[in-house]
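Novice: Here are the chains, one letter per residue:
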Amino acid sequence: DGGITQSPKYLFRKEGQNVTLSCEQNLNHDAMYWYRQDPGQGLRLIYYSQIVNDFQKGDIAEGYSVSREKKESFPLTVTSAQKNPTAFYLCASTDNTEAFFGQGTRLTVV
Amino acid sequence: AQSVTQPDIHITVSEGASLELRCNYSYGATPYLFWYVQSPGQGLQLLLKYFSGDTLVQGIKGFEAEFKRSQSSFNLRKPSVHWSDAAEYFCAVGESQYSGGGADGLTFGKGTHLIIQP
Numbered sequence: 001d002g003g004i005t006q007s008p009k010y011l012f013r014k015e016g017q018n019v020t021l022s023c024e025q026n027l028n029h030d031a032m033y034w035y036r037q038d039p040g041q042g043l044r045l046i047y048y049s050q051i052v053n054d055f056q057k058g059d060i061a062e063g064y065s066v067s068r069e070k071k072e073s074f075p076l077t078v079t080s081a082q083k084n085p086t087a088f089y090l091c092a093s094t095d096n097t098e099a100f101f102g103q104g105t106r107l108t109v110v
Numbered sequence: 001a002q003s004v005t006q007p008d009i010h011i012t013v014s015e016g017a018s019l020e021l022r023c024n025y026s027y028g029a030t031p032y033l034f035w036y037v038q039s040p041g042q043g044l045q046l047l048l049k050y051f052s053g054d055t056l057v058q059g060i061k062g063f064e065a066e067f068k069r070s071q072s073s074f075n076l077r078k079p080s081v082h083w084s085d086a087a088e089y090f091c092a093v094g095e096s097q098y099s100g101g102g103a104d105g106l107t108f109g110k111g112t113h114l115i116i117q118p
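These protein sequence lines map, in sequence, to chains A and B.
Here the first sequence is numbered in my numbering, starting from 1 and rising by one per residue.
Here the second sequence is numbered in my numbering, starting from 1 and rising by one per residue.
Some hints could be false.
Claimed, not checked - The calculated EDC-like cross-link candidates involving lysine to aspartate or glutamate, where the alpha carbons are at most 20 Å apart (straight line), are: (1) A/K71 x A/E98; (2) B/K68 x B/E95; (3) A/K57 x B/E95; (4) B/K68 x B/D8; (5) B/K61 x A/E98; (6) A/K9 x A/E24; (7) A/K57 x A/E69; (8) B/K110 x A/D38; (9) B/K110 x A/E24; (10) A/K14 x A/E62.
Unchecked claim - Chain B is nowhere near these chain A residues, computed Cβ spacing over 12 Å in every case: (11) G2; (12) K14; (13) N18; (14) S22; (15) D59; (16) G63; (17) S65; (18) S67; (19) S73; (20) S80; (21) A81; (22) N84; (23) R106; (24) V110.
These are calculated hints, taken from the structure and not from any lab test.
Note that the coordinates shown come from a computational prediction; the quantities given were computed from them, not determined experimentally.
Backbone N, C-alpha and C fix where the C-beta goes; we use that ideal spot for every residue, glycine too.
The shape of chain B in the complex, shown without the other chains:
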């Protein structure tokens, strides 16, 4: 069965500093990987996704993620965070390029809560 681990429950970063959120996955076949962001009481917004090809993926809001098959990781990065980046971030893995997860939905990590210090 597939699984996703986000080791950091909370991360605090100063505004303007760089950010890296960790994500490790377990999946037998080629994974389809996603990062979502959620503001309090809101739905999820897709930041970026990886299906194949270039292992460095660019997303919205200045985020990027790097797929490393040897480490089963898909870490999210941003060179300089803004106060508006404070939110909950979820990494997810799916069985299909259809980012709802194809046949049976996405498997999500438990999320990382990002706090931005002024």
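Same shape as in the complex, but just chain A:
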């Protein structure tokens, strides 16, 4: 079945560590997005990519980095520069009609 797979579902990070969240899609979509969700805050755009080897910062890109080496993959790295990384992270991809979301990764700093 086609869809978006995020892994892991839960991730724990020690302060000062970088961690990478995986997002893979087999929908053949060009555009992919990363959102951060905090309680009572809705979703906020971190980074997006319209095409392979190209990506742009969203509203809250500081402390995050991404790569887009393959059409299917859009990993997000949460760096030690992100001061408050505990959140629920959602990846999405789009075709010409609809956005599809992954099941999310819950990142907790311990």
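Using the hints provided, position chain B relative to the given structure of chain A.
Specialist: Chain B only, in chain A's frame:
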């Protein structure tokens, strides 16, 4: 800059009763409007979307929404709720008919948490 306001953080409705979730947007051009639903710990599912044409839009799971340009609103309605409708609901606006938001993603409201009473 575009923005979305969902005035109600929580709404409690009895099972079988009607539902209306409010959404107001601010956007200079023609908005592309969406409603998503999220179950706890899950991703988002698209309920319906409005691009143009008929201002009353039908979606999945018996939901509908009405676009009112004069009021900058896109309220979500359902005539009779079921316990399985309990979830978080998000209204969003985009710059493009591509419902990922086109060039720069979607702008989301902060969500409305729907509680269903038996």
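Novice: Give a verdict on every hint.
Specialist: Here's how the hints hold up against the structure:
Annotation: proposed proximity of A/K71 to A/E98 holds, straight-line Cα distance about 18 Å (limit 20 Å). A hinted pair counts as satisfied when its Cα atoms are at most 20 Å apart, and B/K68 with B/E95 qualifies at roughly 18 Å. Distance check on the hinted pair: A/K57 and B/E95 sit about 17 Å apart at the alpha-carbon level, within 20 Å; holds. For a cut-off of 20 Å, the pair hint linking B/K68 to B/D8 stands: about 19 Å separates their Cα positions.
Proposed proximity of B/K61 and A/E98 is supported: the alpha carbons are some 17 Å apart, at most 20 Å. The hinted pair formed by A/K9 and A/E24 meets the criterion: a straight-line CA distance of about 13 Å does not exceed 20 Å. For a cut-off of 20 Å, the pair hint linking A/K57 to A/E69 stands: about 17 Å separates their Cα positions. At most 20 Å may separate the alpha-carbon atoms for a hinted pair to count; B/K110 and A/D38 meet this at roughly 9 Å.
This hinted pair does not check out: B/K110 and A/E24 have alpha carbons roughly 26 Å apart, beyond 20 Å. Taking the CA atoms of A/K14 and A/E62, the gap is near 19 Å; set against the 20 Å cutoff, the hint holds. Every beta carbon of chain B lies more than 12 Å from that of A/G2, the smallest distance being close to 14 Å; the non-interface claim holds. With a minimum CB-CB distance of about 23 Å to chain B, A/K14 clears the 12 Å threshold, and the non-interface call stands.
Annotated as non-interface, A/N18 keeps its C-beta farther than 12 Å from every C-beta of chain B; the closest such distance is 24 Å. The beta carbon of A/S22 is kept farther than 12 Å from every beta carbon of chain B, the shortest such distance being approximately 14 Å. Distance check for A/D59 against chain B: the nearest CB is about 8 Å away, which does not clear 12 Å, and the non-interface claim fails. The non-interface label for A/G63 is consistent with chain B: the shortest C-beta to C-beta separation is roughly 18 Å, beyond 12 Å.
Here A/S65 stays apart from chain B, with its beta-carbon at least about 17 Å from theirs, past the 12 Å limit. Every CB of chain B is more than 12 Å from the CB of A/S67 (nearest about 18 Å), matching its label as outside the interface. Chain B leaves A/S73 outside its interface by the beta-carbon criterion, the shortest separation being 17 Å against a cut-off of 12 Å. Distance to chain B confirms A/S80 as a non-interface residue, since its nearest Cβ pair spans about 25 Å, more than 12 Å.
The Cβ of A/A81 sits about 22 Å from the closest Cβ of chain B, beyond the 12 Å cut-off, so the non-interface label holds. The Cβ of A/N84 sits about 17 Å from the closest Cβ of chain B, beyond the 12 Å cut-off, so the non-interface label holds. A cut-off of 12 Å between C-beta atoms contradicts the statement that A/R106 is not in contact with chain B; the least separation is 7 Å. Every C-beta of chain B lies more than 12 Å from that of A/V110, the closest at about 19 Å, which supports listing it as non-interface.
The structure is inconsistent with the numbered hints 9, 15 and 23, although it conforms to all the rest.
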